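K.L.:
Turn these sequences into a full structure, and let the hints steer you where they fit.
Number of protein chains: 4
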Amino acid sequence: MSKPRKVVLAYSGGLDTSIILKWLQVEYGCEVVTFTADLGQGEELEPARAKAELLGIAPENIYIEDVREEFVRDFVFPMFRANAVYEGLYLLGTSIARPLISKRLIEIAAETGADAVAHGATGKGNDQVRFELSAYALNPDIKVIAPWREWKLSSRTTLLKFAEDHQIPIAKDKRGEAPFSVDANLLHTSSEGKVLENPAEDAPDYVYQRTTNPEDAPDTPEFIEIGFERGDAVSINGEALSPATLLTRLNEIGGRHGVGRLDLVEGRFVGMKSRGIYETPGGTVLLEAHRGIEQITLDRGAAHLKDELMPRYAELIYNGFWFSPEREMLQAAIDHSQAHVTGTVRLKLYKGLVRTVGRWSEHSLYSESHVTFEDDAGAYDQKDAAGFIKLNALRLRLLAMRRRRMGG
Amino acid sequence: MSKPRKVVLAYSGGLDTSIILKWLQVEYGCEVVTFTADLGQGEELEPARAKAELLGIAPENIYIEDVREEFVRDFVFPMFRANAVYEGLYLLGTSIARPLISKRLIEIAAETGADAVAHGATGKGNDQVRFELSAYALNPDIKVIAPWREWKLSSRTTLLKFAEDHQIPIAKDKRGEAPFSVDANLLHTSSEGKVLENPAEDAPDYVYQRTTNPEDAPDTPEFIEIGFERGDAVSINGEALSPATLLTRLNEIGGRHGVGRLDLVEGRFVGMKSRGIYETPGGTVLLEAHRGIEQITLDRGAAHLKDELMPRYAELIYNGFWFSPEREMLQAAIDHSQAHVTGTVRLKLYKGLVRTVGRWSEHSLYSESHVTFEDDAGAYDQKDAAGFIKLNALRLRLLAMRRRRMGG
Amino acid sequence: MSKPRKVVLAYSGGLDTSIILKWLQVEYGCEVVTFTADLGQGEELEPARAKAELLGIAPENIYIEDVREEFVRDFVFPMFRANAVYEGLYLLGTSIARPLISKRLIEIAAETGADAVAHGATGKGNDQVRFELSAYALNPDIKVIAPWREWKLSSRTTLLKFAEDHQIPIAKDKRGEAPFSVDANLLHTSSEGKVLENPAEDAPDYVYQRTTNPEDAPDTPEFIEIGFERGDAVSINGEALSPATLLTRLNEIGGRHGVGRLDLVEGRFVGMKSRGIYETPGGTVLLEAHRGIEQITLDRGAAHLKDELMPRYAELIYNGFWFSPEREMLQAAIDHSQAHVTGTVRLKLYKGLVRTVGRWSEHSLYSESHVTFEDDAGAYDQKDAAGFIKLNALRLRLLAMRRRRMGG
Amino acid sequence: MSKPRKVVLAYSGGLDTSIILKWLQVEYGCEVVTFTADLGQGEELEPARAKAELLGIAPENIYIEDVREEFVRDFVFPMFRANAVYEGLYLLGTSIARPLISKRLIEIAAETGADAVAHGATGKGNDQVRFELSAYALNPDIKVIAPWREWKLSSRTTLLKFAEDHQIPIAKDKRGEAPFSVDANLLHTSSEGKVLENPAEDAPDYVYQRTTNPEDAPDTPEFIEIGFERGDAVSINGEALSPATLLTRLNEIGGRHGVGRLDLVEGRFVGMKSRGIYETPGGTVLLEAHRGIEQITLDRGAAHLKDELMPRYAELIYNGFWFSPEREMLQAAIDHSQAHVTGTVRLKLYKGLVRTVGRWSEHSLYSESHVTFEDDAGAYDQKDAAGFIKLNALRLRLLAMRRRRMGG
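Chains as they are written, first to last, in UniProt numbering: chain A, 1 to 408; chain B, 1 to 408; chain C, 1 to 408; chain D, 1 to 408.
What the hints contain is simulated information worked out from the structure, not anything from laboratory work. Be careful, since some hints might not be right.
Here are some chain D residues pointing at chain A (derived, C-beta under 8 Å) [said to hold, decoys possible]:
no., residue
1, 299
2, 300
3, 363
4, 365
5, 367
6, 384
7, 385
8, 386
9, 395
10, 398
11, 399
12, 406
No experiment lies behind these values; they were computed from the predicted model shown. Backbone N, C-alpha and C fix where the C-beta goes; we use that ideal spot for every residue, glycine too.
P.N.:
Shown next as structure tokens:
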């Protein structure tokens, strides 16, 4: 890789990415553009601007953006149409944010004439893969700089030394080592590393940041109604809400009731297993609700096909292949299935648990006249079942005849 | 179908199957053998014997058996190795019991020289399919009688009239219509029909029979440890337990904490959607625990393949294809994956929720030295990630080059 | 089912459907509308009109249509985008024609105020399923009459007697029994039954109707070039052709060279195995060509996903689920993949064999600079492969460490 | 990676691996053990011994083995049970040989106390991945040396110079550049590179080495019968043959008739597309025959599941994951399905084409009494089909009712 001239850095304003910023200037002598996104991580962005300026970034090279609506509308919601969970449990909160960041990095590189992008993910995790696959998929010639894979600053001591040497301000609480590492956005908070590295031990309570401990949650359940249109949530208790506002609201409600905690050991794309603590309050509610509305509006054939495609779809997102033809193919199939996923779901939240307790829709396929135990006035002829079973059984009977014939 | 001479009836001792018993005698003039199984439904079986005798069944034609261990060991546990859930949520509690009943019906038919079997499932449900596919798969020449599809007794009034005409005792509480229909075994209780037929309305509290209302569950969480060997649960809190004893114990623990309630609208194999209330306390704990132990003992490749095969596997069981080559093929694959699924999971139960909070195993694939944020002493070379990403990205870059070239 | 008033019959003009026509008049006393379609079966349609009139059908109730272009454009081509083959070999020539016929039957029923449709398929085959599932999917209230499942005319003798009794003209060659049964359309000819019922015996040469015996095919190979646009064939040897014209031309070319013969035992949806002789000259060429153009224009991720989805897609079509949400979902995914499947394939046809021998496209993803054995000037860094392999190997190494540790 | 002490080299005796041998001695100063396997590539092995000795390898460090039977029995045959083809066409001839070579390299390393293995595959291809994934899966601590990714000898000139400098004999025909690169074993010959790098151009005739040009093949067809037992071929024309002998014989027969040529552009695991010419005469016959015997002996449910799993299975082998849990899981499923795949297939070979023309088996599931057009004496009740269709149609009708209701 030839030396980059100008690099767009995914910049949080924190110590680590500030060190990266400086290191890019020092090591590569290149111009740096910073991109700081509000993905709903719950931090002020303006301090990042001040800090970037302090580190010598020209104002026109500082990009600070609120991408929450785009994040939920174009990434989170399409993913939830698939009921995507990774390894049965993980709602992909970190995975789904990375392609959006890369997309903006590449777009800003085009606007600013940068030939490289940089990120602060380590060489052991999945995020590097997600950032870089997305970047390459959008610009095949982009250079990608991943300082954590390159530099010699990996120990805390050398990092702090580098910061001091280059007049990078260090917040007091960053002097010591954080007891674990955190990633957050509107969909989730994930915590991993350090005190969480032993998967036999329960996560300490202080790890949880976004959800009430179920034991401390309200003693009375809360009931809410989520409205859906074509597979996407559009309202809570009858109030129409934009995607990001809706998810924010669900985070509040779910978080209050302790919903969405997950303690998981997962298989990383780079090959090892890792343990994470995830909090996805709104997403957990949303998944339950989406399954609830699909129950009455989605045909069985479509539903089962979706269930079979889902693990692959989730794996693609986890592994960083959002911008791949196969993810788009699956999305086309999934989206096609959602045309009638419209209606309302009633949910009960209580002490960490969220359950569907009612659902209704003009698009419902549920037919009481077909299913009823009462006389059904001819909607369904029970005698048809005999033929249905006989023909489904035919190949099994032929197998049994062979078994008898062959003495097996 | 020529007229059956002798029929083995799946007999519960209740009013409906007693009427069937008599109807078989009257309608077909055939000898009846009764089979009553203890699957853990929580009812005394001896009254069934007395009632069968009262209805004229010879003692040698009355089969009453405790099949709970076989049920859990040979049906429930193999299914849980797959983490099987139907339509994302249903733990298949009814579906998995049917093949065992059919197997015994066919075996008893062979022992007693019967040429037919009969069951009390209706013509609208899945159970008729499950009973009959299993029966035909085990004996291709068996005759199957499904009175609910044949007779003219479908209304409550005519049924009661038939019972009275034939001196079939009617328990007082059976005079009126039950407000919903119940199926139960060691794995679950399902309730459906009547008051539950409107999927928009929450199920009344009196429907739940096996689980405490989470609001009424203990205010302090309970922690338990489940031990696994080769994919099957073998102990609770260090105490080795037989399969059925273990599941019974989990039902008590889970039920006490309100775990395992499900309100579902599902797609039946016979084509319509139906709404069921399921209580699967022990099974819900078991599924969570099995996923927990797999997290550290199952390789990612195996785990993801299992996740992809699972929906099909669950659908086969739901549809009644337990005794089919394709279910057996999938089972062979799943069982192969479980050789090292051995270890212990720690779970927290509280107010309806069960969560894995720890897991450990001598067979663990989790490697702290690979994943650690600390210096890893060469177990993993972060620079390898660069090449890994570059080659994974290559085809995406070639696609991007084409897009640019074609102006798309 | 209440008695139908007016029925649209899929009418070929042959003896069997003429008997059905009359039987519908006699048995149900209902008005009959005939629909005769030119699907490329190679028969004159006007005699069907004359015969229908002779049997008393009013001119306005006789529908005769050339649907060849619609057939190829809207059914055959979408299916070929998927490279669909059933059970590894069968190109689905009969299966894909049925939904189109049903679609027109239902449309004509709407136009003419008919409340029923009828077809001449037997109760043992797949075609009845395909006709009827399509019909019900398009009109849930339609009545379907399948005389072969109802009447008492199943033997040849009684059929001929019925025809004579009702003044239905019988062609001389129809007096005796045909030695096998034939279905034909623009995509294929299938032959089955009677002399073909023993799958151990080679099909007699006279069975083949549309393809030259390879031994009699030209002694010199023929080379052709097929042009594709977005997954569909659009030209032969540079000449733009409409879908049906193109397939007709390919049938001539392929048939001349003995391409596309298949002797297959397949598993029917209704449960038994059957043996068929298929001739699909143009389709066989088209499948080879489509695979050829996809080789350079389709990304690996998309291609592999297509390959995994294909068997299910083919099964859906075979089983008659063309008009189902899951087929449409898969179609959406497949169609999405075809945006760049544009280019030209060169094929060699010789003595029954067709092979791709060249392919080129502006949309090609093949990059000689990446793959070349020559110095590649930096397009690809071979050292990246080391990291790629190391990380792909990591989980396998962790498994091997466990195996060693556990002594397994 | 620390410096290796002793390395087992996959040694062909050719110029390239001789240079590698010497380079390992020179570059790493390590002891070299050579492993030369007869996989049926059609070359004498003893010259490899002489050459190894000439290059200073001690006799006890020279391993020369005929592994043909193991190759076919334990690798080729299990793969053919799956009907595995990669990207619809490629029979995986190179892919399936690599794990066996790696297995022996690792075993010999254990026997000789070597801490490393080395191979001669380049950094652009799939073979490096296959060699190394297999090696790591069998010994997690093994060092792997891939000289083509490391050295500076990549140009022909520098390679020859190195050979001359180190007294490595150079056969005359190796002075110039080969016009393409070849890999061969008992299953296939593959050719790629150089003159074959333009996928638009037909492969020159001299590329083909193992199959007669179909135009030059015999003018009369040949019929053979292949016997199968439990999914594996065991005899030709009634003569029982060992696996390797049988495949050798099929190669002769198929090759004589020009069967098994393939011109393919495929997607490599390392990310680019490449063009290969494959000749797999015996394998092509075997695949056709295996499909033929499965047609009558394999249940539809099993067959369709196999077809759906196959692309993944083939991809795993292509990508080098033979020794992975997921390949073994799929193998367990596939092998389970083969218990009754026993019987005989009759094939016709002519001018490049091989077709099944007959098959029979005591294990046949084909039931003439069920399928016959003649009166079937009650084996099948056509009326059952009506109920079968009605229930399969129910969900489609409910969808149509919704469509009508919603005006969509």
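K.L.:
Would you list, in rising numerical order, the hints stated earlier that this structure does not obey?
P.N.:
Per hint list: zero violations.
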